[in-house]
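Student: With these hints in hand, go ahead and build the complete structure from the sequences.
Order-wise, the sequence lines are chains G and Y.
Counting in this note's numbering, the first sequence runs from 84 upward without gaps.
Counting in this note's numbering, the second sequence runs from 5 upward without gaps.
No wet-lab data here; the hints were simulated from the structure.
Keep in mind that this is a model prediction, so the values were computed, not measured.
There could be a bad hint or two in this list.
As the list claims (entries may be wrong) - Partial list, derived from the structure: chain G residues whose beta carbon lies under 10 Å from chain Y: (1) Gln-92; (2) Ser-142; (3) Gln-146; (4) Ile-156; (5) Arg-160; (6) Asn-185; (7) Val-186; (8) Ile-187; (9) Ile-212.
What the hints assert, rightly or not - Taking CB as the label site, the calculated pair distances span: (10) G:Leu-297 <-> Y:Thr-19: 50 to 60 Å; (11) Y:Ile-404 <-> G:Ser-108: 44 to 54 Å; (12) Y:Lys-252 <-> G:Glu-329: 45 to 55 Å; (13) G:Asp-213 <-> Y:Gly-23: 25 to 35 Å; (14) Y:Lys-44 <-> G:Thr-95: 45 to 55 Å; (15) Y:Gly-23 <-> G:Gln-90: 33 to 43 Å; (16) G:Ser-195 <-> Y:Leu-47: 26 to 36 Å; (17) G:Ser-220 <-> Y:Leu-280: 26 to 36 Å; (18) G:Asn-125 <-> Y:Lys-252: 12 to 22 Å; (19) G:Asp-213 <-> Y:Leu-37: 20 to 30 Å; (20) Y:Leu-18 <-> G:Asn-125: 48 to 58 Å; (21) Y:Ser-337 <-> G:Lys-115: 48 to 58 Å; (22) Y:Leu-18 <-> G:Lys-215: 34 to 44 Å.
Each residue gets a CB set at the ideal place from its N, CA and C atoms; glycine is no exception.
For reference, the chains in residue letters:
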Amino acid sequence: MTETAIQIQNLTKIYSTNNLKAIDSLDLAIYKGEIFGLLGPNGAGKTSLIRMLVGLLKSSSGQILFDGDELNINSSRLKHHIGYVPQEAAFWKNLTVYENLNVIGTTYNIPSKELKERINHLLEGLYLIDQKKKLASKLSGGMQRRLNLAMGMIHNPQILFLDEVFVGLDPQTRNYLYDYLRDFASKENKTIIITSHLMEIVDALSDRVGILDLGKMLAVDTPENLKNTHGKGDILELEIDKEFDEDLLNKIEKSVKDVSVEKKDQDIFIKTLNAIAKIPEILNIIEGEGLTVSDVKLTKQSLETVFISLTGKELRGD
Amino acid sequence: MKDKDNFKNKLASLTKNIGYEFRTTFTISIKYLKEIFRSKLFLIIAIMLPAVLMIFMGVIFGGPISAVQSYNILVINEDIGYTNDTTTYQFGESLINTLGNVTYPLEEGEVPMNIFYIFETDVYNQSTEDFLIYEEHGLHLTLIIPENFSEVVFNFDNDVRVTVVGDPLTGVYQNSVSTFTTIYNEFVDAVRFSLGDDTGQSVIEEHHIGIVGNTTVFDLMVPGFVIIGIVMNIVFVSTILTEEYELKTLEKLQLTPMRTIHLIGGLSLTQLFVALVQIIVLFALSLAFGYNAIGSYVLAGVIVWIMSLSMSAIGMMIAAFSKKGTIASSISSVVAIPLYMITFFPVWGIETIPMFQINGNVFGVFDILPTNLATRMVNQVMIYGQTLSDLTFEFVSLIIVTVIYLAIGLVLVSIFKLRPKKE
Ligand SMILES: Nc1ncnc2c1ncn2[C@@H]1O[C@H](COP(=O)(O)OP(=O)(O)OP(=O)(O)O)[C@@H](O)[C@H]1O
Ligand SMILES: [Mg+2]
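Tutor: Structure representation (structure tokens):
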């Protein structure tokens with residue numbers, strides 16, 4: 084289980100066009116057979132990282148090792164080994180769904196008969212089989228994303244990189260993909276690196292999760308451990324209609340057990356376990372100061388709360 | 005024993021590899037073919053545009069030639085005369101004079117014009133003919149009067165024979181022969197009648213060759229028109245490759261074990277197919293508009309076909325430096341137009357500057373452009389009837405130049421389009 088599939092050492096990417104450090108001295112090990120969830124707000128560097136790992140983007144410094152060998156994009160063995168589904172769907176518009184997959188499959192030297200079977204199998208699973216003979220340009224957006232997905236998986240790779248593949252899929256396809264990936268990783272001992280904004284999916288799917296922000300890995304652990312160490316329970320967000328000062332925060336912290344309180348603009352952020360039970364008490368204190376709560380938002384302890392407490396940002400910003 | 009097995013394994017993996025190379029290249033080629041034939045814009049640019057141009061120029065400059073009313077005739081008079089009693093007859097000479105004196109009035113009151121312009125020579129000499137054909141582009145007919153001409157004319161019982169040499173594929177030849185026949189028959193009849201009797205026939209032996217053509221402006225321009233179609237392929241090759249980059253499908257291929265050679269090979273193969281269609285359509289059109297070609301269409305086609313590969317190479321070079329399909333197609337047009345104009349330099353009489361010479365064969369500065377080299381070669385084949393053996397030097401040059409272009413295209417695409425992005 085702890086055999087390393089990818090070892091990333093001191094990896095840095097600085098985009099020369101705007102001198103932006105998208106990945107900052109990153110160290111990370113990804114194990115064989117695990118599903119690794121990569122979480123991070125928009126612009127965190129997730130895509131940049133994955134593109135370097137699959138050899139499409141040149142790193143500024145650092146090393147990427149696959150099975151102990153340094154990433155060599157020209158190695159045919161490595162190319163058979165890895166699959167990548169990019170965030171933006173790319174395909175040949177003037178080819179049919181089947182033809183698109185056939186081109187990719189052929190370049191992997193999959194024998195024709197087997198290739199045909201694999202294509203049909205994948206298309207059935209992705210509910211695309213009825214669109215087989217349709218030109219890709221004539222597909223709906225969601226179907227195009229499914230085609231994009233199939234193109235990255237047709238050669239049954241050992242390590243699969245998926246960048247935001249759950250976006251734009253209907254629940255049916257999402258479920259299929261979820262099951263497929265679970266199956267894929269557990270039965271065939273394959274490695275999956277996946278980025279997603281859908282916290283619940285990442286939470287449920289991943290063996291380990293890495294939280295990335297501004298090119299730095301803030302935390303890497305199993306979802307359970309992350310929640311326990313960084314979660315600090317639920318997050319209660321209260322919007323106050325008038326100006327208030329630090330005194331109010333101190334009062335809440337003193338009166339209510341085990342809470343940490345922060346002020347952000349007109350909002351009070353309260354981190355605590357079992358927040359629901361404490362709401363009446365807190366509201367009392369606030370109203371006692373002659374203030375009114377205009378809005379309440381409760382986020383139950385989850386990866387989302389971990390994420391917010393680590394990055395100070397909400398994930399679903401897009 | 006072990007060595008043998010080893011060898012067998014190696015052979016098996018080698019054939020498997022070759023199979024892979026072909027299959028991949030072929031698949032990519034088919035992919036491009038499907039893409040372009042499903043795009044109407046492409047068909048318009050690659051096939052319709054050059055075809056329309058050819059038809060346009062054919063209507064202006066071409067057309068079956070029948071309006072020519074005077075003919076350039078080369079005469080070789082081998083007649084030694086005939087002496088009867090004390091009178092010597094030179095009927096060959098008389099025939100030539102007769103031909104030279106026949107005129108036709110255009111309209112009442114206009115100055116009469118000669119029907120035949122006569123060039124005389126002693127021997128049937130290649131260089132004379134060369135001069136007339138190559139320099140004047142105007143020889144319509146060659147007449148050979150035999151040694152015993154006077155003698156035969158004098159002896160009524162015999163058939164009088166002369167030989168005419170010409171290219172039956174040209175309309176002007178047919179016209180000039182029929183005019184000549186009338187005058188010749190009248191001449192023989194008149195002479196024999198004046199001598200007393202006429203029982204023999206006057207016979208014309210036609211000797212057909214494929215060299216005495218009548219070159220029109222259109223003829224000189226045909227290779228250029230065929231080549232413009234091919235030059236257009238720069239646009240489609242560069243655009244399709246750049247779009248592949250722009251729309252990120254190239255990244256998809258980059259991730260697979262496919263190598264640059266498969267991509268370039270596949271695209272070049274597609275281009276070759278398109279070029280073949282263009283060559284057939286354009287030469288067929290040129291023929292329909294009265295192209296007086298005397299050489300091998302196959303050889304001319306092969307020359308243009310090889311040349312077309314360098315157009316895909318230029319397309320690749322442009323794609324290597326373009327990030328958007330629209331930019332690639334603009335750059336291609338900017339490159340294609342001067343490239344195309346330069347192919348007409350020889351027609352306009354602009355001489356090339358020699359670069360080097362091997363065994364008397366000159367390689368000029370413009371020959372660096374395969375379009376120019378090919379235009380020159382096609383003219384030599386089609387107008388002057390040269391064959392592959394006459395053009396060995398040019399042929400080898402064309403292949404070398406094309407290979408160099410392709411190599412540059414391949415390297416540039418590989419460096420600028422298929423390496424991990426630096427960004
Ligand atoms: N080609 C580029 N040139 C310059 N800067 C870039 C380039 N690509 C990305 N960036 C910048 O690098 C940072 C990381 O971008 P990246 O796309 O890796 O983020 P991400 O985590 O994938 O975001 P998202 O969730 O929106 O997909 C961003 O600030 C982005 O603006
Ligand atoms: Mg991204």
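Student: Each hint should be assessed against the structure and marked as holding or not.
Tutor: Each hint tested on the structure:
1. Gln-92: violated, 18 Å
2. Ser-142: Since chain Y brings a Cβ to about 8 Å from Ser-142 (chain G), closer than 10 Å, the hint holds.
3. Gln-146: Hint on Gln-146 (chain G): violated, closest Cβ of chain Y at ~14 Å, above 10 Å.
4. Ile-156: Because about 6 Å separates Ile-156 (chain G) from the closest Cβ in chain Y, which is inside the 10 Å limit, the hint holds.
5. Arg-160: This hint holds: Arg-160 (chain G) lies near chain Y, its Cβ roughly 9 Å from the closest one there, short of 10 Å.
6. Asn-185: holds, 7 Å
7. Val-186: Holds, because the Cβ-Cβ distance from Val-186 (chain G) to chain Y comes to roughly 5 Å (cut-off 10 Å).
8. Ile-187: Where the cut-off is 10 Å and the nearest Cβ of chain Y is about 6 Å from Ile-187 (chain G), the hint holds.
9. Ile-212: violated, 21 Å
10. G:Leu-297 <-> Y:Thr-19: 50 to 60 Å: holds, 53 Å
11. Y:Ile-404 <-> G:Ser-108: 44 to 54 Å: Holds, at about 51 Å.
12. Y:Lys-252 <-> G:Glu-329: 45 to 55 Å: holds, 51 Å
13. G:Asp-213 <-> Y:Gly-23: 25 to 35 Å: This hint holds: roughly 33 Å between Cβ atoms.
14. Y:Lys-44 <-> G:Thr-95: 45 to 55 Å: holds, 48 Å
15. Y:Gly-23 <-> G:Gln-90: 33 to 43 Å: Cβ of Gly-23 (chain Y) to Cβ of Gln-90 (chain G): about 36 Å, so the range 33 to 43 Å holds.
16. G:Ser-195 <-> Y:Leu-47: 26 to 36 Å: For Leu-47 (chain Y) against Ser-195 (chain G), whose Cβ atoms are near 30 Å apart, the range 26 to 36 Å holds.
17. G:Ser-220 <-> Y:Leu-280: 26 to 36 Å: holds, 28 Å
18. G:Asn-125 <-> Y:Lys-252: 12 to 22 Å: About 20 Å separates the Cβ atoms of Asn-125 (chain G) and Lys-252 (chain Y), which means 12 to 22 Å holds.
19. G:Asp-213 <-> Y:Leu-37: 20 to 30 Å: 26 Å Cβ-Cβ, so the 20 to 30 Å window holds.
20. Y:Leu-18 <-> G:Asn-125: 48 to 58 Å: Cβ of Leu-18 (chain Y) to Cβ of Asn-125 (chain G): about 50 Å, so the range 48 to 58 Å holds.
21. Y:Ser-337 <-> G:Lys-115: 48 to 58 Å: holds, 53 Å
22. Y:Leu-18 <-> G:Lys-215: 34 to 44 Å: Distance hint for Leu-18 (chain Y), Lys-215 (chain G) holds at roughly 36 Å.
The structure fails hints 1, 3, 9 (numbered hints given earlier, in ascending order).
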